[in-house]
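Throw the hints in and build the complete structure from the sequences for me.
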Amino acid sequence: MDYNFSEIEPKWQRYWREQKTYHVENNSDKPHYYVLDMFPYPSGAGLHVGHPLGYIASDIYARYKRLRGFNVLHPMGYDAYGLPAEQYAIQTGQHPAITTERNINRYREQLDKIGFSFDWDREVRTCDPAYYKWTQWTFLQLFNHYYDEELQKARPVSELVAKFEKGDDRAPEWNTMSERERQELLMDYRLAYLADIPVNWCAELGTVLANDEVVNGLSVRGGYPVERKLMRQWSLRISAYAQRLVDGLEQVDWSDSLKEIQRNWIGRSEGAAVWFPLDVKANANVLPGAQAYMPEFAPEPTPSFEIFTTRPDTIFGVTFMVLCPEHELIESITTPDRKAEVEKYVTWAKNRSERERQAEVKKVSGVFTGSYAVNPLTEERIPIWVSDYVLAGYGTGAIMAVPAHDSRDFAFARHFNLPIRQVVAPEKDAVSDPSTWSESIDAKTGYSVNSGFISGMKVKDAMKAVIDRIEDMGIGHRTVNFRLRDAIFSRQRYWGEPFPIYYKEGVPYPIPEECLPLPLPDISEYKPTATGEPPLGHAEVWAWNEKERKVVSKSLIDNTSVFPLELSTMPGFAGSSGYYLRYMDPRNDEAYFSQEAVNYWQNVDLYVGGAEHGTGHLIYARFWNKFLFDIGMSAKEEPFQKLVNQGMIQGRSNFVYRSKEDNRLFISKNLIKDADSVTPIHVDINIVDNDVLDIERFRAWRPEFADARFELEEGKYICGWEIEKMSKSMFNVQNPDDLVAKYGADTLRMYEMFLGPVEQAKPWDTNGIEGVFRFFKKFWRLYHDENNSFCVDDAEPSKAEMKILHQTIKKVTEDIERFSFNTSVSTFMICANELDKLKCNKRAVLEPLAVLVAPFAPHIAEELWHLLKADGGSVCDAQWPLFEERYLVEDSFTYPVSFNGKMRFTLDLPATCTQEEAVAAVKAAPEAQKWLGDKEPKKIIFVPKRIINIVC
RNA sequence: GCGGAUGUGGCGUAAUUGGUAGCCGCGUUAGACUUAGGAUCUAAUUCCUCACGGAGUGGGGGUUCGAGUCCCCCCAUCCGCACCA
Numbered sequence: 001m002d003y004n005f006s007e008i009e010p011k012w013q014r015y016w017r018e019q020k021t022y023h024v025e026n027n028s029d030k031p032h033y034y035v036l037d038m039f040p041y042p043s044g045a046g047l048h049v050g051h052p053l054g055y056i057a058s059d060i061y062a063r064y065k066r067l068r069g070f071n072v073l074h075p076m077g078y079d080a081y082g083l084p085a086e087q088y089a090i091q092t093g094q095h096p097a098i099t100t101e102r103n104i105n106r107y108r109e110q111l112d113k114i115g116f117s118f119d120w121d122r123e124v125r126t127c128d129p130a131y132y133k134w135t136q137w138t139f140l141q142l143f144n145h146y147y148d149e150e151l152q153k154a155r156p157v158s159e160l161v162a163k164f165e166k167g168d169d170r171a172p173e174w175n176t177m178s179e180r181e182r183q184e185l186l187m188d189y190r191l192a193y194l195a196d197i198p199v200n201w202c203a204e205l206g207t208v209l210a211n212d213e214v215v216n217g218l219s220v221r222g223g224y225p226v227e228r229k230l231m232r233q234w235s236l237r238i239s240a241y242a243q244r245l246v247d248g249l250e251q252v253d254w255s256d257s258l259k260e261i262q263r264n265w266i267g268r269s270e271g272a273a274v275w276f277p278l279d280v281k282a283n284a285n286v287l288p289g290a291q292a293y294m295p296e297f298a299p300e301p302t303p304s305f306e307i308f309t310t311r312p313d314t315i316f317g318v319t320f321m322v323l324c325p326e327h328e329l330i331e332s333i334t335t336p337d338r339k340a341e342v343e344k345y346v347t348w349a350k351n352r353s354e355r356e357r358q359a360e361v362k363k364v365s366g367v368f369t370g371s372y373a374v375n376p377l378t379e380e381r382i383p384i385w386v387s388d389y390v391l392a393g394y395g396t397g398a399i400m401a402v403p404a405h406d407s408r409d410f411a412f413a414r415h416f417n418l419p420i421r422q423v424v425a426p427e428k429d430a431v432s433d434p435s436t437w438s439e440s441i442d443a444k445t446g447y448s449v450n451s452g453f454i455s456g457m458k459v460k461d462a463m464k465a466v467i468d469r470i471e472d473m474g475i476g477h478r479t480v481n482f483r484l485r486d487a488i489f490s491r492q493r494y495w496g497e498p499f500p501i502y503y504k505e506g507v508p509y510p511i512p513e514e515c516l517p518l519p520l521p522d523i524s525e526y527k528p529t530a531t532g533e534p535p536l537g538h539a540e541v542w543a544w545n546e547k548e549r550k551v552v553s554k555s556l557i558d559n560t561s562v563f564p565l566e567l568s569t570m571p572g573f574a575g576s577s578g579y580y581l582r583y584m585d586p587r588n589d590e591a592y593f594s595q596e597a598v599n600y601w602q603n604v605d606l607y608v609g610g611a612e613h614g615t616g617h618l619i620y621a622r623f624w625n626k627f628l629f630d631i632g633m634s635a636k637e638e639p640f641q642k643l644v645n646q647g648m649i650q651g652r653s654n655f656v657y658r659s660k661e662d663n664r665l666f667i668s669k670n671l672i673k674d675a676d677s678v679t680p681i682h683v684d685i686n687i688v689d690n691d692v693l694d695i696e697r698f699r700a701w702r703p704e705f706a707d708a709r710f711e712l713e714e715g716k717y718i719c720g721w722e723i724e725k726m727s728k729s730m731f732n733v734q735n736p737d738d739l740v741a742k743y744g745a746d747t748l749r750m751y752e753m754f755l756g757p758v759e760q761a762k763p764w765d766t767n768g769i770e771g772v773f774r775f776f777k778k779f780w781r782l783y784h785d786e787n788n789s790f791c792v793d794d795a796e797p798s799k800a801e802m803k804i805l806h807q808t809i810k811k812v813t814e815d816i817e818r819f820s821f822n823t824s825v826s827t828f829m830i831c832a833n834e835l836d837k838l839k840c841n842k843r844a845v846l847e848p849l850a851v852l853v854a855p856f857a858p859h860i861a862e863e864l865w866h867l868l869k870a871d872g873g874s875v876c877d878a879q880w881p882l883f884e885e886r887y888l889v890e891d892s893f894t895y896p897v898s899f900n901g902k903m904r905f906t907l908d909l910p911a912t913c914t915q916e917e918a919v920a921a922v923k924a925a926p927e928a929q930k931w932l933g934d935k936e937p938k939k940i941i942f943v944p945k946r947i948i949n950i951v952c
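The first sequence begins at 1 in the working numbering and counts up one residue at a time.
Take these hints with a grain of salt, some might be off.
What the hints assert, rightly or not - Below, a list of computed lysine-lysine pairs in the DSSO-like style, where the Cα atoms sit at most 30 Å apart:
hint : residue 1 : residue 2
1    : K728      : K778
2    : K350      : K362
3    : K799      : K935
4    : K716      : K669
5    : K935      : K902
6    : K133      : K728
7    : K133      : K547
8    : K229      : K362
9    : K636      : K660
10   : K428      : K460
11   : K133      : K166
12   : K428      : K464
13   : K938      : K902
14   : K20       : K642
15   : K660      : K716
16   : K945      : K923
17   : K673      : K716
18   : K742      : K20
19   : K363      : K428
20   : K259      : K636
21   : K803      : K945
22   : K869      : K902
23   : K527      : K133
24   : K869      : K839
25   : K799      : K839
26   : K554      : K660
27   : K902      : K811
28   : K259      : K725
29   : K923      : K935
30   : K811      : K869
31   : K837      : K777
32   : K777      : K20
33   : K762      : K259
34   : K30       : K642
35   : K660      : K673
36   : K842      : K803
37   : K799      : K778
Hints listed in this document are in silico derivations from the structure and should not be mistaken for laboratory results. For clarity, every value in this text was computed on a predicted model and none was experimentally measured.
This is how it looks when you write it as structure tokens:
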């Protein structure tokens with residue numbers, strides 16, 4: 001073979017390693033550019049062809065930027081803590097560190113074969129103590145800071161304490177409080193805090209999970225059921241940053257869909273908080289319990305409770321109130337005759353699993369408390385119900401129900417036969433009888449009706465008028481609510497970062513920063529302890545000696561100088577939330593990263609990764625970065641300036657069809673008469689080529705197929721195919737190593753790009769890879785003669801040759817700039833085809849061409865570059881060729897000539913041709929007679945260098 | 001239900017500002033060279049039609065000399081969220 005990739009590729013990979021070609025310094029006269037990939041979790045299965053898609057795209061961009069004179073930071077590392085390694089440890093007893101290390105080595109081997117330009121000197125691993133020292137450090141900073149609502153930024157807790165000492169409404173009794181009471185109060189402010197909160201408990205995994213780790217009541221990892229449970233857990237007060245997380249989206253260059261996913265997840269909604277007084281006379285006996293709900297500005301103290309609504313304009317349509325089953329008021333307001341029923345409902349509702357609740361969303365359930373509230377604007381008595389369609393975690397866990405204009409309230413009212421009153425109409429007089437409605441009118445448009453002083457107003461104006469009124473009355477105010485919850489930060493697992501926290505009488509205290517990292521201890525068993533403690537409960541040496549400032553044996557715990565350490569570990573997103581900053585200065589032992597480094601690199605210019613991280617990692621990382629920004633660490637408020645989501649690569653499965661009558665007989669796809677007469681069976685895509693089954697390998701594949709017989713079409717067995725997820729069980733996993741071995745890394749890289757736009761999801765189909773491979777053989781031949789000897793000509797290239805080169809420069813440059821790599825590949829193919837036709841082997845064309853192709857196919861480019869310039873150094877440091885317009889200028893243009901908008905023929909005309917000349921030429925053209933005849937054109941459209949259109 | 005995206009040959013796709021729809025590649029067909037080829041090269045390949053010609057970018061309407069591209073309505077598929085008041 002002429003183009004010998006298997007010789008070229010290892011050679012240059014070695015050269016790059018030895019020359020440290022991809023090593024990057026933190027200072028340079030060149031402009032800086034930071035290209036980052038989402039680092040992988042090193043799974044035992046290794047890489048499949050879907051993983052490198054984004055890495056290849058970012059590598060092309062990084063290499064391109066470098067060729068354009070940028071100092072490019074392009075690092076890679078591993079998100080090495082995580083559940084699979086630990087699950088494997090539970091099964092085998094193998095330490096997760098060992099399997100993780102093994103998987104990392106395998107990943108590295110696979111990545112190296114593809115020829116990425118990563119600076120491996122900057123590699124980070126989240127499970128490395130030198131790295132997680134800074135994860136723990138950041139946690140301590142979060143613990144020691146609170147969110148100052150006035151300044152809208154994080155400030156040290158010590159400042160808050162100083163305020164409390166001076167006297168503050170938030171802690172009027174601070175100076176008389178005990179240490180324990182003070183610590184408990186501060187927990188309400190710390191950005192990392194310990195609290196009894198309802199968590200997502202997954203019994204199978206033996207741990208709690210964050211909201212983004214649970215989908216439809218099942219864990220994302222493993223798909224195990226998740227229940228709600230009240231537990232004392234560490235959380236991050238990410239909700240404090242909700243507004244800034246929404247606002248920041250305006251400044252970044254991300255896809256609209258991803259921004260929208262984030263906005264939905266944060267779920268900002270504007271509305272009003274309104275206090276509804278209880279009907280005291282009817283409930284005189286419940287007064288004490290309701291005192292806590294007294295409004296601050298009420299004209300006279302009235303027991304009340306607070307609700308949140310986004311539709312204050314519908315307040316005249318309230319016909320009942322609903323409390324969530326967890327609401328504290330329920331106990332005190334339930335009338336004796338309703339007590340048994342309410343208690344039964346509340347118990348039932350609280351014990352339902354998340355999965356049950358979510359599965360039965362459409363089922364209406366609830367119970368009347370027997371008590372009433374008073375509508376503050378109409379002074380009507382309104383019954384108070386309890387139902388689990390009101391959620392404890394959102395707003396105040398209580399709502400005013402307006403069944404005419406809220407579909408959930410509507411369903412509830414219909415089910416329990418409660419009144420429905422229309423207060424909004426699309427037109428002022430379009431009022432109808434709600435009992436005839438099949439659904440509520442939820443739209444925030446139209447006019448208020450039957451609504452006292454706001455009747456006749458547009459919905460928008462009515463909202464404002466009602467809020468103004470309730471603010472005047474002192475019974476409520478304008479407010480904003482967020483759906484985003486605080487992130488649960490404890491995991492009852494082993495393979496994660498230990499918390500640098502110890503406990504004195506149940507009160508958490510931080511380990512001094514200077515003592516970090518607090519290393520993860522070895523344990524004998526990876527399961528929870530017999531008493532139900534997390535796995536770290538098995539660790540023998542796991543207590544903190546406060547005086548000696550070191551970890552000591554648990555047996556020494558005396559709760560005077562030696563204290564127990566926290567047994568939970570941090571979740572996966574702890575280590576991945578700030579890794580991009582650590583790459584800037586990865587070996588720094590004094591700081592997370594130096595100010596010098598962060599001020600040089602600023603933030604990530606281009607981040608490439610999957611859209612599945614939209615509600616998890618990308619929210620956490622933005623929060624993490626904003627916090628570090630507040631405390632003066634990170635240089636920019638947003639971590640990732642531009643973000644590109646690579647589409648998921650799906651698998652393309654192949655099927656054979658087994659006859660139901662004879663289970664040794666397999667029928668070729670197009671011979672099947674009745675689809676029901678055969679059973680489709682997944683077949684390994686590695687024994688199928690272009691949907692043709694390799695019969696011998698099929699027989700050898702599994703014992704039960706050894707004596708298989710076939711009904712063939714034209715001597716071949718044709719398989720069926722379907723697009724499915726790429727997975728082992730479907731036998732459709734394509735391993736990149738196999739393709740690198742068969743075609744080389746350059747072909748794999750180029751083919752992955754050729755598949756289609758990077759952002760688009762697409763099935764993996766090896767059928768086209770031959771075309772790319774042929775291109776490289778052709779490309780190689782441009783630089784070589786029939787005997788495969790390197791052969792370029794120093795002669796002046798022709799005009800046509802220069803035109804092809806510059807067309808290619810222009811197109812490829814523009815394509816890379818807009819991340820359209822698939823079109824660049826076809827441009828290279830066109831270029832090679834044309835130069836081949838012209839038998840062009842001019843140095844002045846081929847040299848720039850080698851540079852152009854280098855970001856895509858670095859190995860062949862490096863080989864050709866060294867053949868072209870014996871002492872030219874690496875092609876990575878060449879100069880990107882510049883496009884010159886003059887090579888594209890032509891004297892003539894081939895005009896498409898249209899009649900009534902339909903293209904009929906083309907006409908070569910001088911580039912400088914005027915409309916008159918063009919029309920004359922068209923009329924003179926013999927083809928025109930057919931379309932024009934004797935008629936005179938009614939109108940002529942002449943667009944220079946575009947088109948001639950004759951209307952007749 | 002709400003939000004986002006996408007619909008173009010047998011297949012992956014291209015057409016950047018409204019200007020020759022189908023570039024490039026796969027596959028297929030025919031041919032050349034070959035002992036042979038799953039190597040290489042040449043040609044053809046949207047559909048209907050012998051042809052002339054006609055139709056054609058999910059469907060329907062509109063704007064325009066001209067629409068894959070702009071506007072309105074509808075359909076399908078995929079993704080995200082989902083009792084968030």
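Hints, one by one, checked against the model:
1. Note on K728 and K778: the hinted pairing is violated, with a Cα-Cα distance of about 36 Å set against a maximum of 30 Å.
2. Simply put, K350 and K362 have alpha-carbon atoms about 18 Å apart, close enough for the 30 Å limit, and the pair holds.
3. With a CA separation close to 42 Å, the supplied pair K799 and K935 exceeds the 30 Å bound.
4. Our distance criterion of 30 Å between C-alpha atoms is met by K716 and K669, whose separation comes to about 10 Å.
5. Between K935 and K902 the CA atoms are separated by roughly 17 Å; this keeps the pair inside 30 Å, and the hint holds.
6. About 37 Å separates the Cα atoms of K133 and K728, which puts this hinted pair outside 30 Å; it is violated.
7. Of the supplied pair hints, the one linking K133 and K547 holds, its CA atoms being roughly 21 Å apart against a limit of 30 Å.
8. Proximity of K229 to K362 is assessed by CA-CA distance (about 23 Å); at most 30 Å being required, the pair is judged to hold.
9. Restraint check for K636 and K660: the C-alpha separation of about 65 Å exceeds 30 Å, so the hint is violated.
10. A hinted pair counts as satisfied when its Cα atoms are at most 30 Å apart, and K428 with K460 qualifies at roughly 14 Å.
11. For a cut-off of 30 Å, the pair hint linking K133 to K166 is broken: about 36 Å separates their Cα positions.
12. Restraint check for K428 and K464: satisfied, since their Cα atoms lie roughly 18 Å apart, inside the 30 Å limit.
13. A distance of roughly 15 Å separates the Cα atoms of K938 and K902; the hinted pair therefore holds under the 30 Å criterion.
14. Under the criterion of a C-alpha separation no larger than 30 Å, the hint pairing K20 with K642 is consistent with the structure, at around 28 Å.
15. With a C-alpha separation of about 21 Å, the suggested pair K660 and K716 falls inside the 30 Å cut-off, and the hint holds.
16. Simply put, K945 and K923 have alpha-carbon atoms about 18 Å apart, close enough for the 30 Å limit, and the pair holds.
17. Distance check on the hinted pair: K673 and K716 sit about 17 Å apart at the alpha-carbon level, within 30 Å; holds.
18. Restraint check: the Cα-Cα separation between K742 and K20 comes to about 28 Å, which is no more than 30 Å; the hinted pair holds.
19. Taking the CA atoms of K363 and K428, the gap is about 34 Å. The hint is violated against a cut of 30 Å.
20. As the CA atoms of K259 and K636 are separated by approximately 19 Å, the hinted pair is consistent with the 30 Å bound.
21. This hinted pair checks out: K803 and K945 have alpha carbons roughly 18 Å apart, not beyond 30 Å.
22. For the suggested pair K869 and K902, the alpha carbons sit about 52 Å apart, so the restraint of at most 30 Å is broken.
23. For the hint pairing K527 with K133, the CA-to-CA distance comes to about 25 Å; that is within 30 Å, so the pair holds.
24. With a C-alpha separation of about 21 Å, the suggested pairing of K869 with K839 holds against the 30 Å cut-off.
25. Taking the CA atoms of K799 and K839, the gap is about 14 Å. The hint holds against a cut of 30 Å.
26. Restraint check for K554 and K660: the C-alpha separation of about 65 Å exceeds 30 Å, so the hint is violated.
27. A C-alpha spacing of about 29 Å is found between K902 and K811, which places the hinted pair at or below 30 Å, so the restraint holds.
28. Restraint check for K259 and K725: satisfied, since their Cα atoms lie roughly 25 Å apart, inside the 30 Å limit.
29. Straight-line distance between C-alpha atoms of K923 and K935 comes to about 11 Å, which keeps the hinted pair within the 30 Å bound.
30. Of the supplied pair hints, the one linking K811 and K869 holds, its CA atoms being roughly 26 Å apart against a limit of 30 Å.
31. For the given pair, K837 sits about 15 Å from K777 by alpha-carbon distance, which is consistent with the 30 Å threshold.
32. With a CA separation close to 29 Å, the supplied pair K777 and K20 stays within the 30 Å bound.
33. Distance check on the hinted pair: K762 and K259 sit about 22 Å apart at the alpha-carbon level, within 30 Å; holds.
34. Distance restraint check for K30 and K642: the Cα-Cα separation of roughly 20 Å lies within the 30 Å cut-off, and the hinted pair is therefore satisfied.
35. At most 30 Å may separate the alpha-carbon atoms for a hinted pair to count; K660 and K673 meet this at roughly 13 Å.
36. For the hint linking K842 to K803, the alpha-carbon distance of about 13 Å falls within 30 Å, and the restraint holds.
37. Taken as a hint, the K799 and K778 pair is honoured in the structure, with Cα atoms around 22 Å apart against an allowance of 30 Å.
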